[in-house]
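Chemist: Residue-level listing of the chains:
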Amino acid sequence: AQTVTQSQPEMSVQEAETVTLSCTYDTSENNYYLFWYKQPPSRQMILVIRQEAYKQQNATENRFSVNFQKAAKSFSLKISDSQLGDTAMYFCAFIFPTGTASKLTFGTGTRLQVTL
Amino acid sequence: EAGVAQSPRYKIIEKRQSVAFWCNPISGHATLYWYQQILGQGPKLLIQFQNNGVVDDSQLPKDRFSAERLKGVDSTLKIQPAKLEDSAVYLCASSLALGSLGTQYFGPGTRLLVL
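Chains as they are written, first to last, in our numbering: chain P, 1 to 116; chain E, 1 to 115.
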């Protein structure tokens, strides 16, 4: 069974600082995708960044970047120059191909608070 | 491009009553998902449709939950009868790709409270 673990229930960071959210996963698959989703207090889940397991290069999207360590099954999210609008729940998620069926497996989330 | 639409946004019912949620995916998206998100947890997949066919409903409590996507576009999720433990946010998502690795785009969710 595939599992996703986020060991930090809550984190806080000051505006303009950098914060790293941790995620580990367990799978026997070799081809899969990893995602970080953001869920602000309004509750709309938004894709932050996506990483294909076959790519060695870490994905980046503006202030968001990942540190993907396939052998260690680790997928952390770094947020640089944190902004108040980054305050949200962040979910790490994992998907692997099973023909036409697919299921995102989510972690339990990390609540990030950006403070002044 | 319009996003995934869901209604209602909030619903309060008493246990043993029935309730239905509606979802309109992004235009052209073949795959539609319903997730249940209990407070403090990550979303859990209930059912996945590809066009109007079910491809995965292994985690759907079929004794009380049902879902349909008759014309391969809109979908409804029904709970009958509701239990207290069904209180959660019900998220609908859609993806373009017929394969399994298309990015999923989520709607705003329907928050259900069962009293």
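There could be a bad hint or two in this list.
[To be verified] BS3-like mimics (lysine-lysine), calculated; alpha carbons at most 30 Å apart, straight line: (1) Lys71(E) <-> Lys73(P); (2) Lys55(P) <-> Lys44(E); (3) Lys11(E) <-> Lys62(E); (4) Lys78(P) <-> Lys55(P); (5) Lys70(P) <-> Lys55(P); (6) Lys44(E) <-> Lys78(E); (7) Lys44(E) <-> Lys70(P); (8) Lys44(E) <-> Lys15(E); (9) Lys44(E) <-> Lys71(E); (10) Lys15(E) <-> Lys83(E); (11) Lys83(E) <-> Lys62(E); (12) Lys44(E) <-> Lys78(P).
Hint data in this document are derived by calculation from the structure and do not stem from the laboratory.
Chemist: Against each hint, give a clear statement of whether it holds in the structure.
Modeler: Status of each hint after checking the structure:
no.	hint	in the structure
1	Lys71(E) <-> Lys73(P)	40 Å, violated
2	Lys55(P) <-> Lys44(E)	27 Å, holds
3	Lys11(E) <-> Lys62(E)	21 Å, holds
4	Lys78(P) <-> Lys55(P)	18 Å, holds
5	Lys70(P) <-> Lys55(P)	10 Å, holds
6	Lys44(E) <-> Lys78(E)	16 Å, holds
7	Lys44(E) <-> Lys70(P)	24 Å, holds
8	Lys44(E) <-> Lys15(E)	22 Å, holds
9	Lys44(E) <-> Lys71(E)	25 Å, holds
10	Lys15(E) <-> Lys83(E)	5 Å, holds
11	Lys83(E) <-> Lys62(E)	13 Å, holds
12	Lys44(E) <-> Lys78(P)	25 Å, holds
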